[in-house]
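J.: Following the hints, complete the assembly by docking chain L onto the known chain C.
2 protein chains.
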Amino acid sequence: MSLIVQKYGGTSVANPERIKNVAKRVAAYRAKGDQVVVVVSAMSGVTDNLIKMAREIMPLPSEREMDMLLSTGEQTTIALTAIALQALGVPAISLTGAQAGIVTDGVHTNAKIKNITPKQIRALLDQGQVVIVAGFQGQTMEGQITTLGRGGSDLTAIALAAALKADLCQIYTDVDGVYTADPRIVPTARKLPEISYDEMLELAGLGAKVMQSRSVEFAKKFGVIFEVRSSLNDNPGTLVKEETPSMEGVVIRGVSLDKNQAKLTLVQVPDRPGVAALVFKAIAEANINVDMIVQNISHGLASPATDISFTTDKADLLKARKVIDSLKDKIGFREVIADENIGKLSIVGVGMRSNPGVAAKMFETLAQIGVNIAMISTSEIKVSVAIDLAKGEEAMRAVHQAFLG
Amino acid sequence: MSLIVQKYGGTSVANPERIKNVAKRVAAYRAKGDQVVVVVSAMSGVTDNLIKMAREIMPLPSEREMDMLLSTGEQTTIALTAIALQALGVPAISLTGAQAGIVTDGVHTNAKIKNITPKQIRALLDQGQVVIVAGFQGQTMEGQITTLGRGGSDLTAIALAAALKADLCQIYTDVDGVYTADPRIVPTARKLPEISYDEMLELAGLGAKVMQSRSVEFAKKFGVIFEVRSSLNDNPGTLVKEETPSMEGVVIRGVSLDKNQAKLTLVQVPDRPGVAALVFKAIAEANINVDMIVQNISHGLASPATDISFTTDKADLLKARKVIDSLKDKIGFREVIADENIGKLSIVGVGMRSNPGVAAKMFETLAQIGVNIAMISTSEIKVSVAIDLAKGEEAMRAVHQAFLG
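Protein chains in written order, with numbering that gives the first Met the number 0: chain C, 0 to 404; chain L, 0 to 404.
The set of hints was computed from the structure by calculation and includes no laboratory data.
Each hint should be verified, as a subset may be incorrect.
Because identical chains share one entry, a pair is satisfied inside a single copy or across any pair of copies.
Unchecked claim - Cut-off 16 Å, straight-line C-alpha distance, at most; resulting in silico cross-link-like pairs (EDC-like, lysine to aspartate or glutamate):
hint, residue 1, residue 2
1, 51, 16
2, 258, 312
3, 118, 141
4, 313, 193
5, 111, 270
6, 19, 55
The shape of chain C in the complex, shown without the other chains (with noise of 0.2 Å):
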């Protein structure tokens, strides 16, 4: 007998329908003799639903309040799971968040799990009940409702396996697993039977959008294994889990390619100390997430002079130029340039720490193709570089055809 856990987004419970088609899933497990735990997120629309009538009335409006409004939409999802799987003769319970011992602190719509006591589940688990946990909120200690942010679900399902050591965590989502390359874009790509927390880290950070990173992390953090996999067929997912020796033998696990990148350029930058920070600073205090940077070297003018450029979400464009503006005068750069047509084509593989020579034969491959590379960026595990968006695709094939075939 083993304890699984599985998560359901909201793709897979979006209507009486599907919610059957998932209660049939589990009522299978069960049947096996295990004891299943399954955390449900909101039924898809339901959450934007909410927030939009919350909009009408105020634009902006306290976050305590929204927790205690998008809560509601898990708590539909548990009750309507719970009785489908009545439905099917199995003895099935809900739970809130909060029933559920998921306490967390009071940072509201972006709340951090503090502890889970499962002692109210696994006593339902010894009655021999399906426990449906309501994912992606929590309690603070004071009896407070929180919800735990983006992908707060996917946490939910990881945080109660290390809380009540399942055997298995199984994330559901709408498709197969991770693949070394988006197949819409990849023909050739493949399903991943494993893949390292490191390198499924990097890849959530690259556009992927498998999972949030924060999931992987608690993962990792307390040794979760987990597989992402299909909640339409019963094919096996990819199991989520540390490094292994073997792992490393594959050079490079995936490639990606993020098309939601903008480039902004501040043109010859006075070059002296300080301006890079002054830059940057400005930048994060207005909540805007950079991600490469590159300075390049001096012009070689009268007045040393550099390019700074940067690149950062397409969203946060607008928002990041106004602050780059607001700096000219003390700055005394001579112009901006944004870009909106790139795309930060990746790497990953946690291969290539023992492995030289990955940046070389992918900066090689874009260039038989003819593709300029913009900007390099590195870690010890990733190659990320900044090119022409529309030469984006057939350079995620070439590079993909270099590497993995």
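T.: Chain L only, in chain C's frame:
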């Protein structure tokens, strides 16, 4: 400074626009220096939609899970109402039934309030907050979410008013208050400035749909004076309170017409002891509410026989008929006649007690306009008659005219 408990029903909070209107009204009271506790129902339509989804999954879903499901409706409204008050610059905070300290028994979907610990509400009021409480819901001592059944939000408001020793409890609805008769039928009907608990209870049981009996009973038990008034205007409503000597001066407080009754007659029932018991025990076991019962005198046939008639809700007619048919062999009556074309016309007033001849005057009035009386039932403060449905409204106007002008 007064402490006011206000309750707003589903139509008063049906959409963000109406919730804003509720907030304006609450803010106006608070601007006068009052402390305000607001109890809200689910937005109209929301509960029905949740029930529909559950039934799509299972015709008779578990009551524990229905409570988990339906309690989200009020939780949504409290958050939006708190946001609407904050948008007006009024400090406001929402509380679920559990957070408000409403402890119930464990009878899911129809729980009884066991006690209320309003410590949290008091503390928040003392901080200057308007406190928004989810109606219709509570929590057992063991932390299970429960709902209070039909009219539950009224009950929450009245119970909170009792627990907080509120100076005033206002039940906002879509009518101006309690009328001497339904103004859509009787154009001369007047709004009552006050009415006794007992009169209100009789009216609640007679098809006047302002409030459920149990809320009025609770108010009577704990001496909570409450006002029924409209959320659409600023007209004073109707105060519901303990009977005062002056109330006896008015013979009849109101006239009501229940069009939703049906009559079943068992013809030629053998007149022997225990037959009526047999009939109504079977009816009760089928969970059918019986209202009026009349047993006519024997017809003087060879073997003594009698007719038994009773009324029930139209919705229960078929079910009741089946129960009666199943008894035919056992009892040996000749036939069953069902009549859906009856109306129950009632007059209510505590003044009846000290004014003999009220019933006679009602019967006389009906005789004058040629209305035949099929059944009669009376209580200390009420006279009801079953009459031809087609003549119901005309009869109501005539009786209203005779007693109330």
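J.: At most 16 Å between C-alpha atoms: does residue 258 with residue 312 qualify within a copy, between copies, both, or neither?
T.: within (9 Å within a copy, 65 Å between copies)
J.: My question is about residue 111 and residue 270: at a cut-off of 16 Å on alpha-carbon distance, are they close within one copy, between copies, both, or neither?
T.: Answer is neither; intra-copy 42 Å and inter-copy 75 Å both fail.
J.: Given a CA cutoff of 16 Å, do residue 313 and residue 193 count as a within-copy pair, a between-copy pair, both, or neither?
T.: neither (32 Å within a copy, 64 Å between copies)
J.: With identical chains treated as interchangeable, where does the CA-CA distance between residue 51 and residue 16 reach 16 Å or less: within a copy, between copies, both, or neither?
T.: Only across copies: residue 51 and residue 16 sit 13 Å apart there, 25 Å inside one copy, limit 16 Å.
J.: 16 Å Cα cut-off: does residue 118 pair with residue 141 within a copy, between copies, both or neither?
T.: between (19 Å within a copy, 14 Å between copies)
J.: Checking an output row: residue 19 and residue 55, CA cutoff 16 Å. Within, between, both or neither?
T.: between (33 Å within a copy, 10 Å between copies)
Of the hints listed earlier, those the structure fails to meet are numbers 4 and 5, in rising order.
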